[in-house]
Amino acid sequence: MSAAHRRLLEAVLPPAATFVLTTAAAEFGIRAAGISPLLLPTPSAVVRAALQHASTLLPALAMTAQAVVIGLSMSIAVGLLVAIALSTSRWVERAFYPYAIFFQIVPIVAIAPLLVIWFGYGMRAVVAAAFIVSVFPVIANSLAGLLSVDPALRDLFRLYGASRAATLWKLSLPWALPNVLTGLRIAAGLAVIGAIVGEFVGGGGLGVVVLEAMRQQRTDLVFAAVLHAAALGLALFAAVNATSHFALRRWHSQEKDP
Amino acid sequence: MAASESQPAARGLAVSVRGARRVFRSAGEADVVAVDGVDLAIATGAFVAMLGPSGCGKSTLLRMIAGLDGPDAGEIEFGDGGDAPKNALAYVFQDAHLLPWRNVLDNVALPLELQGRAPSERRNAAQRAIEQVGLADAARRHPAQLSGGMRMRVSLARALVTEPRLLLLDEPFAALDEITRQELDDQLRALWATTGMTVLFVTHSIAEAAFLAERAVVLTRRPARVVLEHALDLPAQRDAALRGDARFARETRVLYEALQTS
Numbered sequence: 599m600s601a602a603h604r605r606l607l608e609a610v611l612p613p614a615a616t617f618v619l620t621t622a623a624a625e626f627g628i629r630a631a632g633i634s635p636l637l638l639p640t641p642s643a644v645v646r647a648a649l650q651h652a653s654t655l656l657p658a659l660a661m662t663a664q665a666v667v668i669g670l671s672m673s674i675a676v677g678l679l680v681a682i683a684l685s686t687s688r689w690v691e692r693a694f695y696p697y698a699i700f701f702q703i704v705p706i707v708a709i710a711p712l713l714v715i716w717f718g719y720g721m722r723a724v725v726a727a728a729f730i731v732s733v734f735p736v737i738a739n740s741l742a743g744l745l746s747v748d749p750a751l752r753d754l755f756r757l758y759g760a761s762r763a764a765t766l767w768k769l770s771l772p773w774a775l776p777n778v779l780t781g782l783r784i785a786a787g788l789a790v791i792g793a794i795v796g797e798f799v800g801g802g803g804l805g806v807v808v809l810e811a812m813r814q815q816r817t818d819l820v821f822a823a824v825l826h827a828a829a830l831g832l833a834l835f836a837a838v839n840a841t842s843h844f845a846l847r848r849w850h851s852q853e854k855d856p
Numbered sequence: 047m048a049a050s051e052s053q054p055a056a057r058g059l060a061v062s063v064r065g066a067r068r069v070f071r072s073a074g075e076a077d078v079v080a081v082d083g084v085d086l087a088i089a090t091g092a093f094v095a096m097l098g099p100s101g102c103g104k105s106t107l108l109r110m111i112a113g114l115d116g117p118d119a120g121e122i123e124f125g126d127g128g129d130a131p132k133n134a135l136a137y138v139f140q141d142a143h144l145l146p147w148r149n150v151l152d153n154v155a156l157p158l159e160l161q162g163r164a165p166s167e168r169r170n171a172a173q174r175a176i177e178q179v180g181l182a183d184a185a186r187r188h189p190a191q192l193s194g195g196m197r198m199r200v201s202l203a204r205a206l207v208t209e210p211r212l213l214l215l216d217e218p219f220a221a222l223d224e225i226t227r228q229e230l231d232d233q234l235r236a237l238w239a240t241t242g243m244t245v246l247f248v249t250h251s252i253a254e255a256a257f258l259a260e261r262a263v264v265l266t267r268r269p270a271r272v273v274l275e276h277a278l279d280l281p282a283q284r285d286a287a288l289r290g291d292a293r294f295a296r297e298t299r300v301l302y303e304a305l306q307t308s
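Note that the protein sequences, when read in sequence, are chains A and B.
The first sequence begins at 599 in this note's numbering and counts up one residue at a time.
The second sequence begins at 47 in this note's numbering and counts up one residue at a time.
Rather than coming from a laboratory, the hints here were simulated on the basis of the structure.
Warning: the hint list may mix true and false statements.
Stated by the list, open to error - Now the stretches of chain A that chain B is said to cover, found in silico as 3 or more residues with beta-carbon under 8 Å:
(1) 748-756
(2) 759-766
Said to hold, decoys possible - Covered by chain A, according to a simulated footprint, are these stretches of chain B (three or more residues, beta-carbon under 8 Å):
(3) 111-123
(4) 128-141
(5) 155-163
Even glycine gets a Cβ: it sits at the ideal position worked out from N, Cα and C.
Can you make the complete structure from the sequences, with help from the hints?
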């Protein structure tokens with residue numbers, strides 16, 4: 599067995615074992631305790647509901663995924679631009695950064711109806727909800743990265759007469775990349791939450807499946823929908839991690855501090 | 047010593063510092079006078095070591111010469127007078143300060159890239175500079191894959207790539223082990239001899255100053271003032287044997303005594 603195989607096995611085996619054990623424990627525990635399926639369905643019942651309603655769940659998942667990906671893309675674009683603008687001068691940062699925090703503290707559940715009023719029912723309100731909850735981590739982390747650029751390297755760029763654009767493009771942005779990716783990792787999970795909440799009010803996707811199933815007292819289907827949403831968050835997280843690993847593979851062990 | 051055939055000999059650039067003063071002010075704290083009334087004349091093509099205790103303001107002086115910081119009073123002039131000609135200066139920091147996402151070749155080519163030179167020209171010049179510091183085999187490697195000494199060589203190559211007329215070095219090899227440091231000292235001295243550039247080397251090591259330079263300038267503790275300007279009476283050909291030579295011992299004693307009184 600090669601070292602790479604063994605590392606992979608070491609990474610996968612423990613969580614997989616935990617998963618199998620807890621699922622089995624839940625299955626037998628719920629049956630033995632005689633808990634009503636309305637309160638807590640067994641894992642096997644959840645899987646049955648997922649298979650039975652696959653024709654509802656999968657299109658709903660696709661719809662939610664679309665809203666999340668669009669919202670998250672907007673967060674990256676807007677978040678990076680805002681962070682760049684804030685990093686240009688201390689005064690701009692002081693004047694506007696407190697208001698960027700608005701995105702962090704806004705209770706998405708409370709303003710979701712407002713988004714429907716502005717954007718109407720459907721995808722646009724859902725995308726807006728996903729965007730609003732996910733943009734702040736991108737701004738905050740990117741800004742931290744842009745402001746942490748090694749002063750000696752700034753001096754070096756100045757010495758050779760680099761333009762502001764060249765300094766941004768060839769120094770600040772690549773320097774901030776690890777921070778941007780950290781922000782993105784947080785934003786990915788939040789975007790899924792934002793989209794589901796948006797769908798509760800604006801309609802469509804897994805959010806509506808959850809509401810409908812709740813109304814019909816199909817707790818197993820609620821669980822199935824929640825698992826789909828969790829899978830979506832996990833997939834995004836894995837995608838960001840893969841990007842991060844690929845983009846930063848050459849940086850390893852290089853100290854960032856001056 | 048003959049200039050190498052592939053590279054035209056870069057001509058050195060003279061520097062004159064007159065009455066340079068720099069004060070750092072910060073709210074709620076007493077002003078710190080880092081440099082006060084420093085006069086310094088560095089001839090074209092000279093190798094000058096600037097020696098002083100840690101934190102004495104010698105880095106501040108070097109930064110002012112590089113144009114990275116402005117003096118509060120006094121003048122710094124280059125050549126026959128006036129500002130430094132475009133692209134004539136290069137600066138080597140205390141640590142390598144490389145871009146971790148670029149390989150050695152692209153790190154070394156960076157200054158030319160910022161100056162807007164053509165890609166083929168950048169590549170050739172970077173390759174040449176990498177060979178000059180003995181890193182030809184590592185051109186495609188990234189900083190994280192290099193030792194501290196190799197990174198410092200890359201940093202030196204990055205400074206040499208523009209064929210500077212004045213090379214400023216701020217305690218560049220202080221963080222390296224003794225053997226690597228002596229190797230780099232040898233290399234720097236050889237590069238100076240072949241290119242004819244002016245070198246101003248800041249250090250707190252007496253032995254390094256004596257081994258490298260033609261002239262040594264000893265500065266006082268903060269605020270930095272010149273206490274000794276001394277032409278080192280040592281042979282032009284410097285090698286390991288010189289470190290055990292009586293003349294070397296005598297010159298280091300002169301510098302040591304000047305540092306003591308500072």
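Non-conforming hints, listed in increasing numerical order: When the structure is compared with the hints, none of them turns out to be violated.
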